[in-house]
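Mind docking chain B on chain A? Use the hints.
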Amino acid sequence: MDSKDKDHILSLKVMRLTRPSLFTGLAIGSDARDLPGDYLNADIRSDIAIPQGIPNTGVGHMLLLPQSFGNIYLGETFSCCLCVHNDGNEVIREVSIKAVLQMSNQRVPLLGEEENESLHQLDGNATINEVIQHEVKDIGTHILVCAVSYLSPVGDRLSFRKFFKFQVMKPLDVKTKFYNAELAHNKAQSDEVYLEAGVQNITSGPLCLERVELEPSPFFSVTPMNTLAQESNSLVFGRMNVVNPHDTRQYLYCLKPKPEARMNLSLLRQATAIGKLDIVWRTNMGDRGRLQTSQLQRMAPQYGDVRVTVEKIPNVVQLEDQFSVGLSITNICERNLELHLDFLSGGGGSEWNGVSSRSLPQLQPGESTSLSLSLVPLHTGLQTIAGVRLTDTFLKRTYDYENLAQVFVTNEKTKEKEDFFSAWINQPV
Amino acid sequence: MSDQPDPKPTLSNYFDQSSSSIFDQLSGTPQDAQPTPPSHQVGGVAPALPATSEQISTPYITPIANQQLTYPPEANSFSSPGANITTSGNASPSQGDVSLGSPYQPPVSVTPDPQLGGPGTPQPNPTNLHSLHPSHESFSTPAHHNIPLTPQNQEAVASTTNLPANNLPVPTPTTPSQSAMMMSMTTSMLVTDTSPNASMDVEATTVKFQQASIEEEAEPSSPSQTTLIHAGNVAMGIVAISAPPNNLQASTGSKPTSPKPPMKLTAASESAGDKSRQNESKLFKYFSNTKTSNPFDSIGNQTPGNTSDSAMINPVYMSPTDSFNISNAIPSPDSFLTPATEQDVFTASLLSSDADRRHDAWIPSESTKQALIAMSTSPPGTYFPEKDLLTMPGIAVKEDFGDPVKNLVRTYLGEEAATKRVVLTAASVTQDDRGLRQLIAAGCYHAAVNLTTQLLTVYGQGEGRAGHPSKHTAHSIQLWFTRIALLIKLRRFSLAEVECQYFGDLDAPDLYFEFYPELYGGRRGSMVPFGFRLLVAELPQYLGKHTQALDRLNALLRNCNRIIENLSSGLSEDGSTLEMTSNMRDDSLKLWRTRRLKVLYSITNCAVSLKDFRLAGSLLERLTQEDPNSAAGLYSALGRLCLQLGDVTAAQDTFNHYLEHTPPPPHHDPVQGLLHSAYISIAQNAFKDATEILQQAHKINPNNGLVINNLGVCLMYTGRVTEAIKLVEGAVFSQPDRFLHEAIILNLATMYELESSNAHQNKLKLLSLIAQHKGDSFNVAALKLQPQ
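As they're listed, the protein sequences go chains A and B.
Residues in the first sequence are numbered from 2 upward in steps of one, following this note's numbering.
Residues in the second sequence are numbered from 2 upward in steps of one, following this note's numbering.
It is possible that some hints are incorrect.
[As the list claims (entries may be wrong)] Straight line, CA to CA, 30 Å or less: simulated DSSO-like cross-link-like pairs of lysine-lysine:
no. : chain 1 : residue 1 : chain 2 : residue 2
1   : A       : Lys-99    : B       : Lys-727
2   : B       : Lys-472   : A       : Lys-138
3   : A       : Lys-171   : A       : Lys-277
4   : A       : Lys-99    : B       : Lys-388
Keep in mind the hints are simulated off the structure, nothing from the lab.
Computed from a predicted structure; not experimentally measured.
The shape of chain A in the complex, shown without the other chains (with noise of 0.2 Å):
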């Protein structure tokens, strides 16, 4: 490269080796009773670069060597090529080839460092090749160190390095958010927490995520919850397996505890590690990268002195008909309790119907209490339950219930509402 490399008679060329691409030609046809006649046909026919035999998909089948040194994410492994080529035309003896890999806080040996280091005979014009890989494990600043050292003609020990840097960039941005389910469909206490982990394609290509798991802490078992069926392979995501640059996909897991877990429910409560997202991926020909999440950690449930549940409520309602909400107020302190019930304005699309601001009857430790509340809904779509504000009338603490459950509010008619319609607009005056 620099004029100091003229004078040694090895020279040493490195070529990262990504990959291969598929390379295509073009396909420019034309009719048989155009101008060209057959002639652009016959030179897609004698194109061995495109498929033959269908017309042209645009997907290649020639393997192409890699044309530049491109990105590299971390997890994935870089793989080279070194060439120490022999130069002149004399034998060079005890030659040593030396790779090294430094990054900002440690240096990772890759080549001829272990102790019975091989010493290489190199013929005039003959060349060594070493391919090298390493799984990438930090980000920033790589610098690969090449060093060859050989005994020259004369008998003089001669080395020189070369030094190669390259940046290490993160391919995935993961987030997390848990629900924790209190109460299952039977109404006992399930404890179970649902984790939804975002995962965000962050390289500038298009990626294939080929594995997704949760590996969870020693409190929970899992359920992966991204398949069309219990069973099956296909994921909910779609036929392709692909992830486009800067697009997000959400995987879904419940994790319920383990039985031994449960007999230590506070323990249990506090338990905020859930486990780690193992996540591996491939992009161009299979260029394959893995990640591991660090522990993810949910936030304990907090309650409060008192605690709300949803009991009772419709999944689809109709716009303007009134309906009830069940709502179960339960004591989990261990005083009384004194509460007082108001509506907040505004709630979600709907107008709560009843009477607000009053007191609720008094609350042992433990006890629950049921509240049917009718609401009548004013806006279609899906729509969001809340509004509800109770106050500790003791503590004078208030809890707002801004997200109490939601509801599918629908604005088709039915044939009783159509009948009634027409049977007013049709009544004699």
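Leaving out everything else, chain B in the frame of chain A:
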């Protein structure tokens, strides 16, 4: 040597150097000087009998010193139809005067015009272009001097007189003015181009008419001033003969011989056309049974030994059609009609109009439809559409393209080596469609583009003519199509885009036959070949505008669907009512279903290039249903697509589908299956396995370039660089014609760079190999030569 870590990323430097220009084209260079001026057979070669003359077979009549003495004797039946057309004139030629070989050839001057003269052409008898104006003389004035004969002409003539048809055409340069007239004929060929034989008729007829008309030459003293135009016009009149009834043909080919804006067809030319039409049945009948061989046969037969200027032409380029003969390559009777025989001239013309209708059909947009209706309902010459309804194309590049291979040879190997490189150039072939095809077949796309520049300039659509009105003909549109196709093949996408923009969405009224009733009679449909539409729709994707490409392709798909719908519901393609036999309807449906599939494949292409794996994958799956005959190939493509994405499991599944759709082992090629296994191994980073699999495939078929290339690449990844080079280099140097491929060369150049310090020398060896064996369209950027 430095002990400090070099802050510069040298590894990436190394790659950058070699990668920056991988597929960049060299910039255009001035056209090379003619190696030698083409020699002409002047005068003396004049055997009186065509049968013994080789000159007869030259595509051009050689220049002669005395233009007035050009009329051969009329010793055969040829003269009678001609005599019907014209009254006998005073310029009856005398036998023996003529130095030309054939008695049937009107002599032609290859004299270059001062204004438009081609490079290197001798100028024995310059003509004055400015005086060439149709009003100068009445139309019936003979235009005898300047009819260039294409080889088709020659053959037609020769066969008429039962001469042996072993004509060996010589590519010789002609002047643009000549090509103008040639085009006037070739235009008509295209218009009536339902059978190569039919076009032969046209040419033969033209010749005859020229001959006849000379007899009434009124002003022998000034023929050189009028001939150009008149030759064109006469040709216009005559070629109608073989056209379907009502198809008065004219050509705008003659127009551009004037440097002034194109002129209108004169009434005289129309009356001449009428005149010829009166005689057309007779003529047509006569010529239709003189039909012999395919006019394109001669291309394949040609050998350099018979040409005057062939000494300098490398045999590789001289007979590019060795590998195939266009007449054999014509795929279906759909595209060209079966030769008309004496009995079924009428049927032929019916069939021809059927094939034309089918191929040219298109559904115009509403505004175009209105303009075309206005055109056809108003009296001729009274309706002039808005200027923005017209396409006004022009060539957007000033200079001709050079030969990039030769330029590189000159830079790296010296002037001497450069002069040794011999390829066809635009000047060394006939200045017509045939020459164009010859250049394309020889892989000289740069030269072919240069030739389209010349031919389009003659149409008034040359450099700087964009935005100026000019008339289109089916032929000029075909020229544009060819030009754009070649530009895209040469990856000159921006230039192609600039030149395409004048055509808009290829739906302007002046791109329809109905726009030129005086030229095409009742012919309907679009002059734009379907391939052109596809090309223009695909073009934006090469410039990164995939959305625009997808929009255009979907518009094409919609129109195809509408045409298929129309046909299925008993209408004609464009939705009008038309009596169609069920055969006609089936043929048309078949054609349009094929075209629709082509569009679907193009959309797939675009999706793949966009790396929209979801769209590409779903399209490929859909195509396995819609094009079941290609299912195996489609599964193979889908498998490779999955690998490009990185989905190894899906790829393996899809390759298994491929196996289900191929015939069982004795019939199918095991190599493809091995290639698939190798791809899977590569994806699993098992390059050693891939190498072994491909070595097996190489043993089965040692001449498969794909296997050799892929095996070479896999050897690289296992650290066996020297072996890889030995394998690929050996293949390329032993069979350069087969294995000199840009991808193989790019890989080999990359291997050279890695392997030793001698990369540059090794690449130069490749360069001289390319210079020896490849045309000017070879992508020499693949060599990655360092600038000097």
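Going down the list of hints, with the structure as the test:
1. A:Lys-99 with B:Lys-727: Holds. Lys-99 (chain A) to Lys-727 (chain B) sits at ~27 Å (cutoff 30 Å).
2. B:Lys-472 with A:Lys-138: 67 Å, violated
3. A:Lys-171 with A:Lys-277: 18 Å, holds
4. A:Lys-99 with B:Lys-388: Judged against 30 Å, a Cα distance of about 73 Å means the pair is violated.
Hint check: violations occur at hints 2, 4; the rest are consistent with the structure.
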